[in-house]
Amino acid sequence: MITTITIFFPLLAAIVMGALPRTMDARAVRYTALGLAAVPLLLVLYIYLAHRGDLGAPTLTQDLDWIKSFGIGYRVGLDGLGFGMFFLSALLTLVAVVASWDVRENLKQYFAILFVAEVGMLGVFAAQDLILFYVFFEITLIPMYLLVGVWGDENRRPAAVKFFIYTFLGSTVMLAGFLALGILSGPNFSIEALAGGGLSRGAQVAIAAPILFGLLVKTPAVPLHSWLLDVYVSSPTSTNVVLSGILPKLGTYGLLKVALPLLPQGVEPYLPIIAALGVVNIIYGSFVAFMQPDLKALVAYSSIATLGFILLGAASGNALGINGAVLQQVTHGLYSALLFILVGVIAARTGTRNIRELGGLAASMPWAGALLTIGALAAMGMPGLAVFVSEFMTIMGGYVAFPIAGVLAALGIILSVMYLSYMVRRTVFGPIKRPEYEGVKDAGPVEMAATVPLAFLLVLLFFFPGLLVNVQRPAVELVLAAIGGS
Amino acid sequence: MFTAQTFVGLSPEIVAFLFSMVVLMVGVFVPNARGLVAGIAAFGAVATFVTAAVLLLSGFGGEFLGNAYVVDAFALYFKLIVAFSAFFAILAAIRWSGRTGDSPEYLTLILSVAVGAMLLVSMRDLFGLFVAIELATIPSYALVAFDRSRRESPEGGMKYLLTGVMASSILLYGIVLIYGASGSANLADVAETFTGSLSPVALMGLVLLISGFAFKLSAAPFHFWTPDAYQGAPTSAAAFLSVAPKAATFAILLRVLLEGMPDAAPTWTAVMAFLAVLTMFVGNLFALRQRNVRRMLAYSSVAHSGYILGAFAALRGAGVDTAVQAVLIYMAAYAVMNLGAFFVIDLVGEDGKSFNGLFKSRPGVAVCMGIFMAALVGIPPLSGFWGKAWVIFAGVEAASAATYIVVGALVINSVLSVPYYFGIIRNMFFEDPVTGDEGPKGTGLVLFSVYALAVATVVFGFFLGPLSALAERSGLL
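Chains as they are written, first to last, in this note's numbering: chain A, -19 to 466; chain B, 142 to 618.
Don't read these hints as lab results, they were simulated from the structure. Do not rely on the hints blindly, as some may be mistaken.
Said to hold, decoys possible - Here are the simulated distance ranges between beta carbons:
id	chain 1	residue 1	chain 2	residue 2	range
1	B	P172	A	T3	41 to 49 angstroms
2	B	D492	A	N135	20 to 28 angstroms
3	B	A540	A	A461	47 to 55 angstroms
4	A	N135	B	Y592	29 to 37 angstroms
5	A	A6	B	S290	20 to 28 angstroms
6	A	A6	B	Y592	37 to 45 angstroms
7	B	Y592	A	G410	44 to 52 angstroms
8	A	D5	B	P560	51 to 59 angstroms
From a predicted model like this one, the values you see are computed outputs, not experimental measurements. All residues carry an ideal CB built from backbone N, CA and C; glycine is no exception.
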C-alpha cells in the first residue's frame, strides 16, 4: 500500500498545483511545490529505513486483478533492483523543483506536469507487471514533451517533437515485444512469474529483438541517440535534471529488470552487441564531447559516455557487472543532475554556455566552480566519488565477460579525463576571459540547496557504497539465478 | 409471430423511435420550444441507453421475427454505444441546431440514425440487414447536408449521397448473389453454402459484400467520401456519424462473417488483413497533410477503421475470441475519444491555427483536447491504447503471417500518426495565441460533454476488467 501511495502521491500534488488560485505569487507556488515534492522522498526514506534488509524479491507489494483473462494485474512492489532509482526519482524531482529558477511563466502548470512525470518514473521502478511497466514508461513521455516544448529555449519545438517521435517509436516497438512475450507464455504478464523464461530459445530471440530496440532507444545506445542532444540542450535546467538523471534509466532498468531475467536465452546472442554498444557509447560519447563548444552539449555527451558503462555492466551477466550497472544508474543520475544545474547557473550568470568564451570563473564564483569541479571529477570516475565505484565494478564485470570491451572501456576513462579536465580548465580556472565575469555573483542559497546534497551523496556513496549495494545485491542474485549466471 | 417477447426485444429501438416522433411533433405544434425539444431528445437517448442496459444486465436474449432478428449481449453492447453517442451528439447539437431554428428535425434525424444502427446490429437476415443499413444511412445524408449556412455542407451531403447510394447498390448486389448461391438470406443457411471451395457466384457475392461494407466503414480504397462528408457536416453530426453507424456496421460485419461464413475465414481474413493495412496507411498519410481539423479527424477516422479491421484479420484459429473482444473494446474506446475530439471543434474552431495558444487562454479545453489527441495516438493509459493493445493481442494469438504484418503495420502507423495529432498539441501548448480572432465559444453543454468524455478517456483503463468481462460475454462464439 505504501508503494502505491508513494507512486500516486505526485498525481495528487499535480492536481493541487493545478487548482492553486491564479493570483498566488510565484514564491508561494514554489514553496507549495517544494512541500509536495518532499513527501514522496520522505516516504522512500522511511521505506529504506524500515525495509532495506528485505528488498530481494519484491516487497511491499500490491497485487490486484486488472484484466483477468490476460493475466494482467496492477502489481507493484519494491525490490533492490529498482529501489535506488525509485529513491533517485523522488530525490531528483525535489531537486528539479528547487532548481526551477529559470522557469518564470506558468509556474503552476510546470510543477503540475513535472509531478505527472514523477508518477511515471516512480511507477516504472516499482512495476511488477509488464503492461503496468509499459503504462508507467509511457506516462513520462507527454509530460517531458510538454516540459521541453513549452518551457525550453528558442529551439524547443523541433527538439520536443523529435524526442517524442523517436522514443515513442522505440516504446511502441517494445510494446509489441511485451505483448508477444506475455501472450505466448500464458497469457501472463507478471514479471515475477515470467522470470527465468519459459519460452523456446527461438521465440525468446525473436521477442528480445523489439524489446531491446525499444530499451536501447530510450537509453540511448549510440546509433539510436540522435534525439538526445537537441532535447537536452533546449530543456530548462530543472527539466534537464530529470531528463538526464532518470529517463535514460527507464531503458537500462528495463534491460536489467525485464530483458535479462525474462528472456535469458533470447538476450544471450545480443549480449556481445550490447557490450559493444556500451563501449561505442563510451568512446564515441567522449570524442564528440571533446568537440563541443557548448557546455551543455558537452555534459550531454559525457552523459552518453557514462551510460555506456551501464550497458557494459548489464551485458556482462555476472554479479560484479550487474551490481555495478545498478549502482551506476544512481551515481550517473546524481552527477549528471549536478553538472546540468551548474551549467545552468553559469549560463544564467555569464550569459553564455560557450566554453571558449568562459574562463576564470573560480575568482568570482568559488562555490559554483568547486561544485562543477566535483561534478567533473565524478564524471571522470575519480576515486573519492561514487561513480568510481560503480564504473570500476562495470569494467571489471565487463572484462570478465568480454575482455576487449573491458579494456576499451577502461581506456574510455582516460578520454573522459581529457575532455572533462579541458572543460574545467577552460571555464573555472585560467585567466578571466571577460571583464564582466569579475562581478558575477556566486551560487546563491537556492542553487547551493539544489547542488550540495547531490555532491554530498556522491562522496557518501564512495565511502559507503554498501548503503545501496547491500540493498540491491539480493535482487541482483535473483536476476543471476534467472539467467543462470554466477 | 409478434409476441410480448418481441416487443421486449425491440424495446430500445421502440423507445428511440417514439422519442424521435415526439421530438418531431412537439417541434411542429409547440412554437419556440427549442429547450423543450432538446430536453426530450436527450432524455430519449438516456431512456434508450437505460432500456438496452436493463436488457443486457437481466441477461435477456432470444431470436425474433422468424430468426431474422436476434437479441444477444453482443447486439446490446453495441446498442449501448449507439445510444451513448446519440446522447452526447444531442447535447452538442443544441446550440448549433437552435441557431437555424430546425432543432426538432435535426434531433429527429439523429435519433432515426440511432434506430437504424441499433436495428442493424441485431440482424441475422441479409435483406433485413440491408434495410437497417439504409435506415441508418438515409437520415445521415440529411444530417451531413443540414447546415445551409456553409457551402461545404450541402456539397458534402451530395457527395456522401452519391457514394453512399453506390455503396448500397454494391452491397445489395453482393447480398443478392449470396442469396442466389445459398437459396436463403438467413445467416445460418448461408453458412452451409460457404464451406469447402466457394462457387464463383458465392465468391463474387462475398467480394461485393465486403466492398459495400468497406464503403460504409470508409476503408481504403473506398474512403474518399469521408473527408468531404465530415467537413461539411455540422460538428455534432460528424462526431455522431463517425462513431455510432460505424460501430454498428463493424458489429454487423462481424456477425455476418462469423455466423454466415465461418468456414470461409481463411479467404476473408486475408482480404481483411489487406484492407486493414491499406486503410491504416492511407488514413494516416493523408491526415498528415491536413490543416483543417475536421478533415484531419476524418482521415484519422479512416485510419482507426484500419486498426479495427486489423482485428478482423485475426478472426481465425486461436485469435477469434480476442479479436471479437478487440472490436468491442476498440469501439467503446473510440467512442469516448473521438466524440470528444470532434466536439472541441465547436469550442475552438476548425482551422489548425485556431488552436494556437489555447493552453494559455483556455487551459481546461486545451488539456481535454490534449487527452483526446494522445488517446487517438494510443498513449497509455488512455482509452485508445487499450483498443490497439487488444488488436495486437488478437494478432499475436492468431499467429499467422498476415496478422503479424497487421501488427507491424499498426505499430508503424501509430508512430506515423504522431505528427498530426501532436501538431494540435504543439499548437495548443507551444505557440502563442492569435490575438483578435475570437473563435466560437460553444455552450456550457458542449463544454460539459468535452470534460465528461475527457474524464471517460482517462479512466477507461480502470474499467477494463468489467468491460473485458462484458466483452467476453458479448462474444459471438
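Distance restraint hint 47 to 55 angstroms, applied to the beta-carbon atoms of A540 of chain B and A461 of chain A:
The hinted range 47 to 55 angstroms is violated for A540 of chain B and A461 of chain A, with Cβ atoms some 31 angstroms apart.
State, for the Cβ atoms of D5 of chain A and P560 of chain B, whether the hinted interval 51 to 59 angstroms holds or is violated.
About 39 angstroms separates the Cβ atoms of D5 of chain A and P560 of chain B, which means 51 to 59 angstroms is violated.
Look at the Cβ atoms of Y592 of chain B and G410 of chain A and judge whether their distance stays inside 44 to 52 angstroms.
violated (59 angstroms)
Lying within 20 to 28 angstroms: is that true of the beta-carbon distance A6 of chain A to S290 of chain B?
Given range 20 to 28 angstroms: violated, Cβ gap about 47 angstroms.
At the C-beta level, are A6 of chain A and Y592 of chain B separated by a distance inside 37 to 45 angstroms?
violated (28 angstroms)
Between the beta carbons of D492 of chain B and N135 of chain A, is the distance compatible with 20 to 28 angstroms?
The hinted range 20 to 28 angstroms holds for D492 of chain B and N135 of chain A, with Cβ atoms some 26 angstroms apart.
Honestly, do N135 of chain A and Y592 of chain B meet the 29 to 37 angstroms range at C-beta?
holds (35 angstroms)
Take the C-beta atom of P172 of chain B and the C-beta atom of T3 of chain A, compute their distance, and say whether it sits inside 41 to 49 angstroms.
With Cβ atoms ~47 angstroms apart, the hint holds.
The structure shown violates the earlier hints numbered 3, 5, 6, 7 and 8.
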